[in-house]
Each structure stands twice: as structure tokens, then as C-alpha cells.
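Undergrad: From first to last, the protein sequence lines stand for chains G and L. For the first sequence, the tail end lands on 694 under the working numbering, and the numbers increase by one without skipping. For the second sequence, the tail end lands on 269 under the working numbering, and the numbers increase by one without skipping.
If you're looking for bench data, these hints aren't it; they were derived computationally from the structure. Computed from a predicted structure; not experimentally measured. For each residue, glycine too, the CB sits at the ideal point set by N, CA and C. Each hint should be verified, as a subset may be incorrect.
[What the hints assert, rightly or not] Chain L stretches covered by chain G per the calculated footprint, using a threshold of three residues with CB under 8 angstroms from any CB of chain G:
#: 1; stretch: 54-66
#: 2; stretch: 188-196
[Said to hold, decoys possible] DEER-style ranges, computed between Cβ atoms:
#: 3; chain 1: G; residue 1: Phe656; chain 2: L; residue 2: Lys201; range: 54 to 60 angstroms
#: 4; chain 1: L; residue 1: Asn220; chain 2: G; residue 2: Leu303; range: 43 to 49 angstroms
#: 5; chain 1: L; residue 1: Lys201; chain 2: G; residue 2: Arg585; range: 53 to 59 angstroms
#: 6; chain 1: L; residue 1: Phe64; chain 2: G; residue 2: Leu479; range: 54 to 60 angstroms
#: 7; chain 1: G; residue 1: Phe401; chain 2: L; residue 2: Pro84; range: 32 to 38 angstroms
#: 8; chain 1: G; residue 1: Leu479; chain 2: L; residue 2: Asn220; range: 27 to 33 angstroms
#: 9; chain 1: G; residue 1: Pro601; chain 2: L; residue 2: Leu183; range: 43 to 49 angstroms
#: 10; chain 1: G; residue 1: Leu368; chain 2: L; residue 2: Val158; range: 51 to 57 angstroms
#: 11; chain 1: L; residue 1: Asn220; chain 2: G; residue 2: Leu298; range: 40 to 46 angstroms
#: 12; chain 1: G; residue 1: Leu628; chain 2: L; residue 2: Trp156; range: 44 to 50 angstroms
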Amino acid sequence: MPSNSLPSLMAMIFLCLCHQAMAQTSDPIPGEIKDWIEQLSQESELAYDYRTITEDLYHFLEEPVNINRAGAEDLSRLHLLTPYQIHSLLNYRKQYGNFLSLYELPLVYGFSVELVKRLEPFIVAGKPKEEGLRQLPPVTGLLQKGRHQLMLRAGGILEKQQGFLSLPDSLLAQKPNARFKGSPFRLYSQWSFRYSDLLRMGVTMDKDPGETFMRNDNPYGFDFNSFHLYIKNSRWLDKLALGDYDIRYGQGLTVWSGFSLSKSSMVFVPIRHQTTMDPYTSSNENRFFRGLAAEKSLGSFRLNLFYSRKRIDANIIDTLADGRKVFSSFQRTGYHRIPREIYDERSIGEQVSGGRLSLNRPHFRLGLNGLVYWYEGRLERPARPENAFRFSGSSNNNWSFDYQATWHLFHFFGEEAISAGEGFALLNGVSAQLSDRMAMMVLHRHYEKDYQALYSGAFSEGPRTQNEQGLYWGIQLDLLPDLAMKGYLDTWRFPWLSYFSDAPVDGWDGLLKLDYKPGTKLHMHLRYQQERRNGGFGAEETDAPALEQHGKYRIRYHIRYRLTSSITSDNRIEWASIHSPDPSRGLMIYQDIGYKSSRCPLRFDIRYAVFDTDDYHSRIYAYEDDLLYRFSVPAYYSRGYRTYLNIKYSWKKIDFWLKLARTAYVDKEEIGSGLQLIEGNHKSSLYFQMRMRF
Amino acid sequence: MRCVGIFLLMQMSFLMQVTASGDNHPAGARSAGMAHASVALTDLWCFYHNQAGLAYIEALSLGFFHQAGYIPEMDHQALALLVPVPSGVLAGSYTQYGFKHYQESKTALAYGRYLAKNFSAGIQLDYFHTRISGIYGSAHQLTFEAGMHFRVNDQWSVGTHFFNPLGAIKGGNGELLPVIFRLGALWKPSAPLLMLVEVEKNLEKQAIPKLAAEYQLISNFCLRTGVSLNPALHFFGLGYARKGLQADLAFSFHPTLGGIPNFALSYAF
Numbered sequence: 001m002p003s004n005s006l007p008s009l010m011a012m013i014f015l016c017l018c019h020q021a022m023a024q025t026s027d028p029i030p031g032e033i034k035d036w037i038e039q040l041s042q043e044s045e046l047a048y049d050y051r052t053i054t055e056d057l058y059h060f061l062e063e064p065v066n067i068n069r070a071g072a073e074d075l076s077r078l079h080l081l082t083p084y085q086i087h088s089l090l091n092y093r094k095q096y097g098n099f100l101s102l103y104e105l106p107l108v109y110g111f112s113v114e115l116v117k118r119l120e121p122f123i124v125a126g127k128p129k130e131e132g133l134r135q136l137p138p139v140t141g142l143l144q145k146g147r148h149q150l151m152l153r154a155g156g157i158l159e160k161q162q163g164f165l166s167l168p169d170s171l172l173a174q175k176p177n178a179r180f181k182g183s184p185f186r187l188y189s190q191w192s193f194r195y196s197d198l199l200r201m202g203v204t205m206d207k208d209p210g211e212t213f214m215r216n217d218n219p220y221g222f223d224f225n226s227f228h229l230y231i232k233n234s235r236w237l238d239k240l241a242l243g244d245y246d247i248r249y250g251q252g253l254t255v256w257s258g259f260s261l262s263k264s265s266m267v268f269v270p271i272r273h274q275t276t277m278d279p280y281t282s283s284n285e286n287r288f289f290r291g292l293a294a295e296k297s298l299g300s301f302r303l304n305l306f307y308s309r310k311r312i313d314a315n316i317i318d319t320l321a322d323g324r325k326v327f328s329s330f331q332r333t334g335y336h337r338i339p340r341e342i343y344d345e346r347s348i349g350e351q352v353s354g355g356r357l358s359l360n361r362p363h364f365r366l367g368l369n370g371l372v373y374w375y376e377g378r379l380e381r382p383a384r385p386e387n388a389f390r391f392s393g394s395s396n397n398n399w400s401f402d403y404q405a406t407w408h409l410f411h412f413f414g415e416e417a418i419s420a421g422e423g424f425a426l427l428n429g430v431s432a433q434l435s436d437r438m439a440m441m442v443l444h445r446h447y448e449k450d451y452q453a454l455y456s457g458a459f460s461e462g463p464r465t466q467n468e469q470g471l472y473w474g475i476q477l478d479l480l481p482d483l484a485m486k487g488y489l490d491t492w493r494f495p496w497l498s499y500f501s502d503a504p505v506d507g508w509d510g511l512l513k514l515d516y517k518p519g520t521k522l523h524m525h526l527r528y529q530q531e532r533r534n535g536g537f538g539a540e541e542t543d544a545p546a547l548e549q550h551g552k553y554r555i556r557y558h559i560r561y562r563l564t565s566s567i568t569s570d571n572r573i574e575w576a577s578i579h580s581p582d583p584s585r586g587l588m589i590y591q592d593i594g595y596k597s598s599r600c601p602l603r604f605d606i607r608y609a610v611f612d613t614d615d616y617h618s619r620i621y622a623y624e625d626d627l628l629y630r631f632s633v634p635a636y637y638s639r640g641y642r643t644y645l646n647i648k649y650s651w652k653k654i655d656f657w658l659k660l661a662r663t664a665y666v667d668k669e670e671i672g673s674g675l676q677l678i679e680g681n682h683k684s685s686l687y688f689q690m691r692m693r694f
Numbered sequence: 001m002r003c004v005g006i007f008l009l010m011q012m013s014f015l016m017q018v019t020a021s022g023d024n025h026p027a028g029a030r031s032a033g034m035a036h037a038s039v040a041l042t043d044l045w046c047f048y049h050n051q052a053g054l055a056y057i058e059a060l061s062l063g064f065f066h067q068a069g070y071i072p073e074m075d076h077q078a079l080a081l082l083v084p085v086p087s088g089v090l091a092g093s094y095t096q097y098g099f100k101h102y103q104e105s106k107t108a109l110a111y112g113r114y115l116a117k118n119f120s121a122g123i124q125l126d127y128f129h130t131r132i133s134g135i136y137g138s139a140h141q142l143t144f145e146a147g148m149h150f151r152v153n154d155q156w157s158v159g160t161h162f163f164n165p166l167g168a169i170k171g172g173n174g175e176l177l178p179v180i181f182r183l184g185a186l187w188k189p190s191a192p193l194l195m196l197v198e199v200e201k202n203l204e205k206q207a208i209p210k211l212a213a214e215y216q217l218i219s220n221f222c223l224r225t226g227v228s229l230n231p232a233l234h235f236f237g238l239g240y241a242r243k244g245l246q247a248d249l250a251f252s253f254h255p256t257l258g259g260i261p262n263f264a265l266s267y268a269f
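Chain L extracted, bound-state conformation (with noise of 0.2 angstroms):
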């Protein structure tokens, strides 16, 4: 059991190195239940992914996300609000990942809209902040991200993200954040059936592809699976949505530390 404790404590470090760097940590459990291939999809979560898809939110909405980490130190939080405008939609959310000795948060404010019709747009500053116990003390970084998606038809749309595009915003501590570009495609070949495939790549990490699929089974119950390489990751996720409520269950797998659980609700008034 110490052993698997130790090699935990290994993978965290290893992870907190990586975030340390101020990742852009994916939330929404829906996205989650798909491999994240979400750049091209339009939900309440899905201005973590692409705030072009603020666009298409036509109420007031909140939500709540929870991932659970192989680990309880490497729990992730999220908190979003949108809110529909005369000219687009604004949204802000507060993200949290880490425990007691470190933390990670990010605020943001976002804004999308259609510039025509099918074709929309959307922008977000980010507010990170880093905190280490004892002697580390804190860092805080500032950056933006934007998005577009284009609705070819009504089978096909095509999304876009880039995260710190400039890449040259400092930090506090001097870090550099990653540049982040995301391409991906949704495609809707009948009613109940709805695909996802995207390529993320990360000038820091390999590119990762992305393919999913969600089958809507009964009127508001959906099933949801995707795969991920780059790390290897399978997902699955169970989605409810009822009037505004909507909940989300999803599980991702890594063929090494096993499977981790996310949780997301959101209600749009």
C-alpha cells in the first residue's frame, strides 16, 4: 500500500510540475464523457473549450463541475455563471485545482457572439494564480484565449481555440504559459447520434488526437465515450437533462492509474 502511495506522490509531482506551468485545465462532465473533443460543441460548458459556442446559450445558466483526481490533492473545481446580453452572452467562471500546500486557480471573464449567421465568435481573459505553502509563496499570471465556430450545415460544424496565442504574457514567477491551438469537428449523422473529433496540440506536449461519440437513448438520458491518445485515456459518461437541469457523469480511464470520476450540474432559468 506504501508503495502505491509513493508511486502516487511520484505522478502527482510530476503532474504539479506540469501545472505548475499554469495548464488549461478542461472542466464540464459532459466534455469530460467525450475525450474533451469539444471545440466544436455548444453547451454551457463548452466556453472552457470554445467561448464561440456562448453564442448559442439562450438563458441565464449556472454550473458547477467536479473531478475527483487519482488523488484527493489533485481534486479540480469549477464554477461558471452566463449571462445573455442584447449583443452576445457574457460568462465568468472560477476554476480550482489542488489541496491545503497547492493550489491553482483561474478567473475568468468571457464573451461570445455571432458575427453572421452560422459563423460565431468569442473572447476570454484568464486570471491565473498559483500558491505554494511554507517559503514558495504565490505567482499570478495573465492571459487570454479566443475561439470561433462555424456551422457548416446542420450535420456539420467546425470549431476553433487558441489558448495564450501570444504566449510572451509573464507571469509573476517569470513562467511561461503554453500556447494551446484546437481544431475539431462535430458531426450529427441522425438524430440521436452526435461525433466529435479534434486535434489539441500543446507546443509543450505531443498533439493529441481526440474522436467521440454521444447517443442520445431515450429522450433526456444520454450515453456518452471517446478516446484520447497521447497520453492513451478512454472515457465514458452518462448525461440527464430535464426542463433546465442537466447532469453529467463521466469517467476517464488511463491504462496505468485507473479511472477518475467527473461530475457536472448546471440548470438554465
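This is chain G alone, in the form it adopts within the complex (with noise of 0.2 angstroms):
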């Protein structure tokens, strides 16, 4: 027995008495998780898949992290600890030895019995060394004990959108983007095949509302296809990936593939402490790599390289007399289904290679990192004020050095990067366990103008980690055993001009949220968020004029209730308000019932939401339940509702899903706009999935 099984013992009598374990719920993805995505989403206008931050969870769901055998690394794929945690859970096993149960981890230093109870579902104490799991069998073998799923996506929205209207061959010719090339049906398909985590094979393949399929410009199938294979403590390597994977060094100053990773209500989430290189299964077209990468251990350094090469989409504006092609911007969204936009397809050749040299000790760790991408073209950007110091030329490179360590109770962390040579960019903080209660960080952050990083996905407000100053605060509390309080206040500055604004930029963000969950049935939460920026935003022209005030106001109030085993009911009321010189407001009000039976494998959500908001600028983002890996934050505005049904059912070894969402406006003849404009006043769409694991 180790020497601490009389308060271990005591903990569990303790626990089981006052909480009995959190019944499985028809969503195993924790609410922070939900507001985190939901707050990625409003950052960016593109619908992006973000499967690699929910993948791991749905994975421990069926193969839950030993908290007895895991390392640091293991259990940052959580996304629910923080880097003190996940030290001060190690440092407890080592000195007390493994767990005996899940109940005894209260009473490691930072872990609170709620935080325990969100955990649970994804962690298990079991045995200290499991055999024949850390090494990868023979190919037999493994062919045998692997998993292999199937997945098949399709769907799209019901109503006509201009750009699938028929058109005249004559009225095509003269104007060849004025239709869509392919049918307005989404289509998406994956097979991927999992040892543990030893063993990962996968091949992705998309294709987007208006690309065609298996004809035209893709003759053999999707427009997007995506392979992955990733070998982890193989025989010479400790990891291995082919095919496409992610790429996260350091605080991500230099490299950073996945998201990055912003503000919201997980407040210590800006501290960066993932794992530095995972296999890609998204269906994002950019924001991966494409290639080779390995990892080797070399005592307590670990070496990792990695070469990338690839065809991208970029803006083409003209061809130099060697061959060589111009272009002024890089194509982000992915979309083939016009013309225009398929000539801009993988016009581009990239290479990108780089290298990461850490040593590991138990209390810190230590980075040095370099990344050098080439471009077959050149970028040249508009010559306007606002690029003056951003990247133009066929290559660039970066280099930084980075830095994690544990002292008492404080983890300090940072990165100082400089790019080819000229600009720099310094990113240092602390966070500090306080007390079993209250936790905190603070983050400073000094990105000069010139600081050119294409790669980078550091903690920044703006949309790039170039042009920044600022510092960030943050705090979460336990104010009673059931009611807990995050917040952070975020201060910067962009000394440069933005594509929004004609001068410098300042301001501020801040939100507090309060959770009150007493007992297992409720829960329910108050969220405020603030900001101020002033200076242009938001303007579709550049000559937004200077130093104009503008303040974000949000409060937000959630609840959910489970009314029986099988039946969980959420309400929210959320109000937005906008001041600036065109001031705007907006509400919205949802009721979601979830259901799953106990007799039969249905499940199945509602929601039926009615919003009003002056204007797209007082909009309101709400996570929707959707298909496995299939994720919708939509924006509700003006005036109208908006309700879905979606279902899960399982026969035998198949899971079937199928999304129904209608979303219909009383003040609009019609919606959208350009090819995607749809004459009538409601949107729906139909979506259907089946996943099959053998």
C-alpha cells in the first residue's frame, strides 16, 4: 500500500458519499469545450472542422486515459488540465505512488472534486503497466487487435442557391463565375484505422457544397484527399508521421498548425503545452502539413524534423518572364467551385521544413526552434500602408528559443522568436496554482510590426502574431464547493495599421462567468463579456476613421437540467449590444431538449431557438449538438428562428445520424448574397452520416 492510503481511503469514503459518479449524458463533450469552438468560430468566417480538439476526447471516451501510466503529454490531450496540473498529478504519483481510484484525485494539489467530475469520462486509474500496449505488435497482430471506422457524410441545404440555377450556355460563357461547377451536395468520407495510440492510418476525403465530383477538374473523386499514417514508440523512432500531420512548437511563435487556440471562459488556455506533432484528420485544406515528420528521444532531448512540401491555393496575379508566378495572397477557404477559384487551385508550390531541439527534465523544458518555407512564386501584397510590413518575397524563415518550467506553485512559460533576421516577437507569462481554490495567469506579449511568421499561431488578438502588444489576465476561482467563477482581462495595442483601421489600434476584453452547478442535475451559468476598442473595426473600407470608440457588451444566461435519466433540457437567453457610432442589439433565446433512451441506442436532440438582432454586428454564436465530427456555430441575426432535430441510432456495429435544421426569417425576402443568395425566406439543410467500426 503507498503511504498515503489512510487519506486516499478517506477521500473515497468522502466522495462516494457526497457524490454518486456522473451518469453518462447524451453529449460527452464538456460545456468549456462547446464555448471554446464557439468562440474559434466567431473569430473566423470560415467554417472550419475541428475534429483534432474533440477526436482525443471521443477517443478516451472508449479508451480512457490511464492517469497511472500517463505522461505529461497524454494528459495534455485532455485540453482540460493545465500545464501546473498536469505537473502537480505527476509529482503527486510520484511521491505517493499510483491511484488507487479516481476519488483519490481531489486530493492532488490544483484538482477539485468538480474538475474530477468533468474528467471522468475520459481518465481511469488502472494498472501502472499494461502489457503489450506500449510496443507495437507484428503486423498480424495488430491487423487483429486494430479498429478500423468507416465514415460517410452527405448532405447540403435544400433550397436553390443562385449559384446552382441553371444559366444559358451564352450567359455562361460571357460570364463563366456566375455558376457553380458542381452539385450543391456536400460529400465526406474517412477510413481510418487505430492501434491505441501506437498505430494511426487514415485517409480523408471532402468535397464542398458546389465542387464537382468525379468530373472536370476532379476527374477521380473529391476535391480534397488527405492520407495520414503515424507510428508512435516504433523500434528506431519514438514518433513517425506520413502523409499529413500537425505541427505546434513551443508557445507557437514560429509553427503552430492546429488552431490557435484564443480567449475564452477556459482561461488558461493561452498557455500552449500540446504535443508537438499529431496526425492530421481534419478536412480543413490548409492549416496542415504534408510529408514527412519524426521525433527521436536522445536521453533527455528530443529531436524533431519534419519536411513538408505541397500545393497551395494563392491569389495568381501575373507570371515573370522566367515562369515564375506573382501572387498577392494565399487562398484560405478551401472552396474550388468556380472558375475563378479553380484556377487559383494548388497554383502555388510550397516547401516548408523545420526542427525543434528540447531537452525535458521534470521541471522544465527547454526549445530551440527553426522553420524556412519557400514559395515556387512570390507574394506580392497591394502596396498599401497596411502591408508595408508584412511578408513578400519566396521565402522567409524563423528561429526561436522556448521555455516551460515549475517552480513552488508557478509555471512559467515563454518564447522569444525572431524572423529572417529582422523583426522580433517575445511571449512570457506565469500561472500560478494560488491555493486549492484559485488559480491564475498572466501573459505579456511584444510582437513587433515587421515580425513575419506565416506559420506562427501564437496567443494574439489580431488575426496574425505580428503587430501586437498586449497583456492578458486571468483568474478562476472556486468560490464554494458548487459555484465557480473564470475571468480574464485582456489589454492591447497594435502599433501598426490593420486592414480595418487607417491608424494604431487599442483596447480591451474581459469576461467573467459564473458556474453554479449544485448536484448533478443542474447546472447552469452567467456570462458577461466586454470590450472596447478604439479605433475602426468591423468597416468594409480602409478609411474607417481614427480613434471612433466602440464597445461590445454580451451577457449570457445558460441552464441545463436533466429531468430523468434519459432527458436533459437547456435554456439560453444570451443579449448583445453594440455601441458605436451605428449602434446595434440583439437577443436570443433557445430550448434544447436532449434525449436517449435507456431501452434502445437512440438519441436525439431539438433545439428551437427565436432571435432579433438589429443588424449582422449585434450577431449571436451558439454551438449546435451536430453529426460526429461535424461541427455548426451559426450566426443568428436579424430577425427570425431557427430549430434542428438531430439523431443518433445504432444497429450493431453502424451508427446512423441524421441533422434536419431549418432556419426561417420574418423580416427578409431573401438570404445570403452573391451565388450563394437564396430568394425565399428560410434556409434548411439535411445532413446524414453513418460511421461503421470493425
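Got two chains here, separate frames each, mind docking them using the hints?
TA: Right under this line is the structure:
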């Protein structure tokens, strides 16, 4: 018995008495992860696939993380723990021996009963050594024990959009970009194979609405095809990735190919501590690398190297005498629906190569990172003041040093980087678990206006790791056992001009959230967000008057109630107010019902929401339950209602999903614009998905 | 460089307009390290924030405070003397702001005592004096401030403070002093940690919410931080205490104007 047997026994008895294990609710994704995805979607107008964030969690539902065996890297994949909490857990395990049960976890400094409840579906206190799972078995055993998964998804918008209407050939010859070339359906398919976390392999294929399938420019099938092979703990290498993969170094000042996690009610998200490389399984058509990546440990040192070569979409404006193309920007949408988009498709060759050498010790980690990239063409941005310090040319490089260290109750982290011998970027911070009920963090960043890093994704308010100075302050407090408070304040300044402002802009934004969870049936939260920006924002034209003051206020109340063991009810009311020269207000209210049958493998979620906003500026976002690995966070704006039905049914090893959604407006005769215009006051979508596991 | 100078002068003139109406400058570097969310705090400098805290002072104490402004012309100093008397604690203070051609000063006399177990109150008389060189001359104003402090239990305390509550007291040049109300709480979740929350409402300005924490790292060394809104400011501070001596250093950061240091030294005999 480990030396801590008495306290752990007491804790076990206490916890067994005071809370019953949380039953599996219909949707396993914790509310804060949904909030985070909601926040990520608000920052980008593009519909991204956030699969990389939730995939690990779904995997852990089936193969929970064993806290008696997991290292820091495995625990970071839970996304719910801060680096300090991870350090604290590992330290406890080292000091007192293995965990007898999950109920012992609240004894670890920095872990509350509430946090353990949230982690419970994803972790287990298993045997410290499990036979045969740390090393890859021979190929035959591998194929027997591994699991295949096949996913197919199809669907689209039911109303006819402008771009899908038939046009006479003569008109199409005049205006070739007036019609989408493909069908309005979205098709997605994925095959993946997984043997624990040691071997992962898969193919992802995707066709967006309007893109052609099996004809014209995509004669062999889908518009986007991705392959990944990932091997961990093989004989020669610790990690090997072939095909498509993600790379993340340090705090993201040089390279961060996943999502750059921004501000949300997860106040410690700005601290980056994720794994350096992962297979790429999403369907976003950029934000990944294609080629070869490998990692090898040599004692306390770890070396990671990668080389990526692929063709990317770029806006071609000219061709030089030597045949090289000149482009004015990268195309990030991933859409190839009209001749103009197809012309830009895969038009430029890109090569990226980088490496990281890190020293990993229990209390600190140091890293040296380098990244070099070339384009087969030349990037020339329009000669406008806001582009004066942005990257142009055909190659660039970034170098950085990063550190993480834990001392006493403090966790220090940071990265210092330089780009092509010119601008530099600094990020430094500290987080502290000052009591078992209170943790806080401070992060300072200084990115020079000429720090050019095209693959970076460090913490920032602006869209790039460039031209920004700021100070972030976050706090998390357990006021009472069932009442928690989270909040942050971030002040920032963009010293140089940006697309949205012809003067330096400064401002701040803050969030305060109160979470109240009395018992296992009821959970409510109140969230207040405020933002203030001195300078133009959101204005279409660049001559937005400088030193205008803009304020945003958002208040949300959400209540989730488990009516019976199979029915859950969610209500939300959110109010937004925009204070600017053109003020506006918005309101959204919804009712969700989630049902999970205890008798048959059926589950469904229904929502009915009404919204009333003055314009698009006061829009309100809300996360929706959707098909597995599909994400929708629609912006509710104008006046109307939205409703959806999401059903999941399982039959033997096959799961089926169906989602039907409809938004109707009372004050609109047409929806959208351009080729996506719909004549009428409603927009509906239908998606079907099937997953087979064998 | 000249642009920066002009910019700072503009900022200064803006601040001077505000302060010319007799603002109640907060003092104390421990308080400055915690966003001045100190209405529920009870230390030597507390009576700049809430005179009810004087009841907790047990020894004759002397303190000096200095805040370096964004430019030297905006420096700010304070001197305080606290004298326990049989029925409570008496305190006298002198605060000065500005430079040769523009000076504001506040002379104050305060008294605080327990009214019941865990409940104390305090009152202070203030004399404000503003002097501008050249033809402008000087002006003076007289007012009072008062506060209450309630210790709910070992973990929680609540404080309220009213500055110039009647608002109508006129100075020599007819200007009104602002009415300021502050309400705050102190929470001590564990022995080394102290948290403060406060809302300050000046009738001439937007309400200022504040949140702060102090952590005792080792027996006589503290770390502090805080935030306040309207405008958004970050605060960081250090404190060192040994026997009767206490030294505090704090920085406040404004996103445009940058950081300014605050320093305080006090001794309890």
C-alpha cells in the first residue's frame, strides 16, 4: 500500500458519500470545450472542422487515459488540464505511488471535485503497466487487434442557391463565374485505422458544396484528399508521421499548424503545452503539413524534424519572365467551385521544413526551434500602408527559443522568436495555483510590426502573430464547492495599421463567468463579456475614421437540467449590445431537449431558437449538437427562428446520424448574397452520416 | 520624440482637468499592487480608502508614499501618521500632486474605532488646496469622507466608503468635488492568499470594477496583482515586511501610456 493510503481511503469514502458518479449524458463533450469552439468560430468567417480538438476526447471515452501510466503529453490531450495541474498530478504520483481510484484525485493540489467529475468520462486509474500496449505488435497481431472506422457523410442546403440555378450557355460563356460547377451536396468520407495510440492511419476525402465530383477538374473523385500514417514508439523512432500532419512548437511563435486557441471561458487556454506532432484528420484544406515528420528521444533531449511539400491555393496576379508566378495573397477558404477559384487551386508550390531540439526535465523544458519555407512563386501584396511590414517574397525563416518551468506553485512559460533577421516576437507568462481553490495567470506579448511568421499561431487578439502588444490576466476561482468563477482581462494595442483601421488601435476585452452546479442534475452559468476598441473595426472600407470608440457587451444565462435519466433540457438567453457610431442590439433565446433512450440505442437533440438582432454586427453565436465530428456554430442575426433535429441511432456496429435544420426569417425576402443567395425567407439543411466500426 | 512629448502633455492636460476638480487620489503601494480594490483592507494606508480600517491599527505608525507619474510633472506623494488613542485611532495625512506651476494638496485628519465586535467605522475631514501659477491663483475646498468595515467571519470582510457624500460643499472657486462611493469585499480562502473585489462609483465617471489578489510567497514577502476597468489597467506589486517595517513596490500598466511605479515605506513603532 502506498504511504498515502489513509487520506486516500478517507477521500474515497467522503466522495462516495457526497457525490454519485456522473452518468453519461447524451453528449460527452464538456460545456467549456463547446464554449471554446463557439469562440473559435466567432473569430473566423470560415466554417472549420474542429475535429482535432474533440477527436481525442471521443477516443478517450472508449479508451480512457490511464492516470497511473500517462505522461505529461497524454494528459495534455485532455485539453482540460493546465500545465501546472499536469505537473502536480505527476508529482503526486511520484511521491505517493499510484492512484487507487479516481476518487483520490481531488487530493492532488489543484484538482477540485468538480474538475474530477468533468474528467471522469475520459480517465481511469488503471494498472500502471499494461502488457503489450506500449510497443507495436507484429503486423498480423496489429491487424487483428486494431480498429477500423469508416465514415460517410452527405448533405447540403435544401433551397436552391443562386449559384446552382441553370443558366443559358451563352450567358455562362460571358460570365463563367456566375455558376458553381458542381452539385450542391457536400460529401465526406473517411477511413481510419487505430491501434491504441501507437498506430493511426487514415484517408479523408471531402467535396464542398459547388465543387465537382468525379468529373471536370476532379476526375478521380473528391476535391480534397488527405492521407495520414502515424506510428508511435516504434523500434527506431518515438514518433513518425507520413502524409498529412500537424506541427506545434513552443508557444506557437514559429509554427502552430492546429487551431490557435484564443480567449474563451477556458482562461488557461493561452498557455500552449500540446504535443509537438499529431496526424492530421480534419478536412480543412490548409493549416496542415504534407510530407514526413519524425521525433526521436536521446536521453533528456528530443529532436523533431519535418519536411512538407504541397501545392497551395493562391491568388495569381502575374507570371514573371522566368515562368514563376506572382501572387497577391493565399486563398484560405478551400473552396474550388467556380472557374476563378479553380484557377487559383493548387497554383503555388510550397515547401516547409523545420526542426526542434528540446531538453525535457521533470521541472523544466527548453527548446530551440527553426522553420524555413519557400514558395515556387513570389508573394507581392498590394502596395498599401497596412501591408508595409507584412511578408512578401519567396522565402522566409523563423527561429525561436522557448521554455517552460515549474517552481513552487508557479508555472513559467515563454518563447522568444526572430524572423529572417528582422522583427522579433516575445511571449512570456506565468500561471500560479495560489490555493486549491484559486489559480491565475498573466501573459505578456510583444510582436513587432515586422515580425513575419506565416505558420505561427501564438496567442493574439489580432489575426496574426504580428504587430501586437498586450497583457492578458486570467483567474479561476472556486468560491464555493458548487460555485466557480472564471474571468480574464486582456489589454492590447496594434502599433501599426491594419486592414480594418488606418490608425494604431488599442483596446481591451474581458469575460466573467459564474458556474453554478448544485448536484448532478442542475448546471447553470452566467457569462458577461465586454470589449472596447479605440479605432475603426469591422468597417469594410479602410478609411474608417481613426480613434472611433467601439464597445461590445454580451450577457448570457444558460441553464441545463436533467429531467430524468434520459431527458436533458437546456435553455439559453443571450443579449448583445454594440456601442459604436452605428449602434445595434440583439437577443437570442433557445430551448433544447436532449433524449437518450435507456432501452434502445437512440438519441436525439431538438432545438427551437428565436432571435432578434438589429443587424449582423449584433449577431449571436450558439454551438449546436451535430453529427459526430461535424461542427456548426451558426450566427443568429436579423429576426426569425431556427430549429433543428439531430438523431443518432446505432445498429450493431453501425451508427447513423441525421440532422435537419431550418432557419426562417420574418424580415427577409432573400438570404445571403452573391452565388449563395437564396430567394425566400428560409434556409434548411439536411445531413446524413454513417459510421461503421469493425 | 517631440510627438511623444506633445501627446503626453495632452494626456496630462486631460488628467489635470479631471484632477483640478479635486479628485481623491488613492495612496499606498500595497493598495496600488492590488488595483486599489482596498476598501475592505485594513493596513496603514487603509485610511486613504476606508477610515474604518484605522480601528485595526495597534501601534504608532509613520508612512511615506510616492507615485511617479507618466511624466515627472504628474508625481504624487503622501505622508501619514497614525496615533492610537484610548478610544480608537487618530490619523493625519498630507498628500501632494503636481509640479511647480500646478499643485494640488490634501490635508486630512481621520478617526476610526470599533463600534461593536467585528464592526468598525471611521470619519475624515479633508482640506483640498489647488494652486496654479501666474494669474490663476489658488482655490480651496473642504469636505469629509466616512467608511464602515464589517468582519463577517475569518474569511470574509466587507467595506464601504463614501467620499464627499453630501456633494454640495463648495470650494473657493465654486467647483464641486465628486461624490464617490466604494463597496468591496475581502476574501481569505487560505492562509497565504487574500483576494479583493470592489466597485467604485464616481458620479462624474463610469463605475470601476476591480479584482485583486495577494499571495504570501514566504514569511515576509508578498506578490500582488489586480485589474480594474474604465480604463482597463493591470497592476502588479511586491511587498516586504520585517518587524515593524514594511516596504511595497507596485506598477500599474495602461495599454497606451505604459507603466508607472508606486513605492511606499512605513514603520510601526
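Undergrad: All the hints need checking, so say for each whether the structure fits it.
TA: Outcome of the hint check:
1. 54-66: violated (count 0)
2. 188-196: holds (count 5)
3. G:Phe656 <-> L:Lys201: 54 to 60 angstroms: holds (58 angstroms)
4. L:Asn220 <-> G:Leu303: 43 to 49 angstroms: Holds - the Cβ-Cβ distance for Asn220 (chain L) and Leu303 (chain G), about 45 angstroms, lies within 43 to 49 angstroms.
5. L:Lys201 <-> G:Arg585: 53 to 59 angstroms: violated (24 angstroms)
6. L:Phe64 <-> G:Leu479: 54 to 60 angstroms: violated (37 angstroms)
7. G:Phe401 <-> L:Pro84: 32 to 38 angstroms: 55 angstroms Cβ-Cβ, so the 32 to 38 angstroms window is violated.
8. G:Leu479 <-> L:Asn220: 27 to 33 angstroms: holds (29 angstroms)
9. G:Pro601 <-> L:Leu183: 43 to 49 angstroms: violated (55 angstroms)
10. G:Leu368 <-> L:Val158: 51 to 57 angstroms: holds (52 angstroms)
11. L:Asn220 <-> G:Leu298: 40 to 46 angstroms: holds (45 angstroms)
12. G:Leu628 <-> L:Trp156: 44 to 50 angstroms: At 46 angstroms between Cβs, range holds.
Going through the hint list in order, the structure does not satisfy hints 1, 5, 6, 7, 9.
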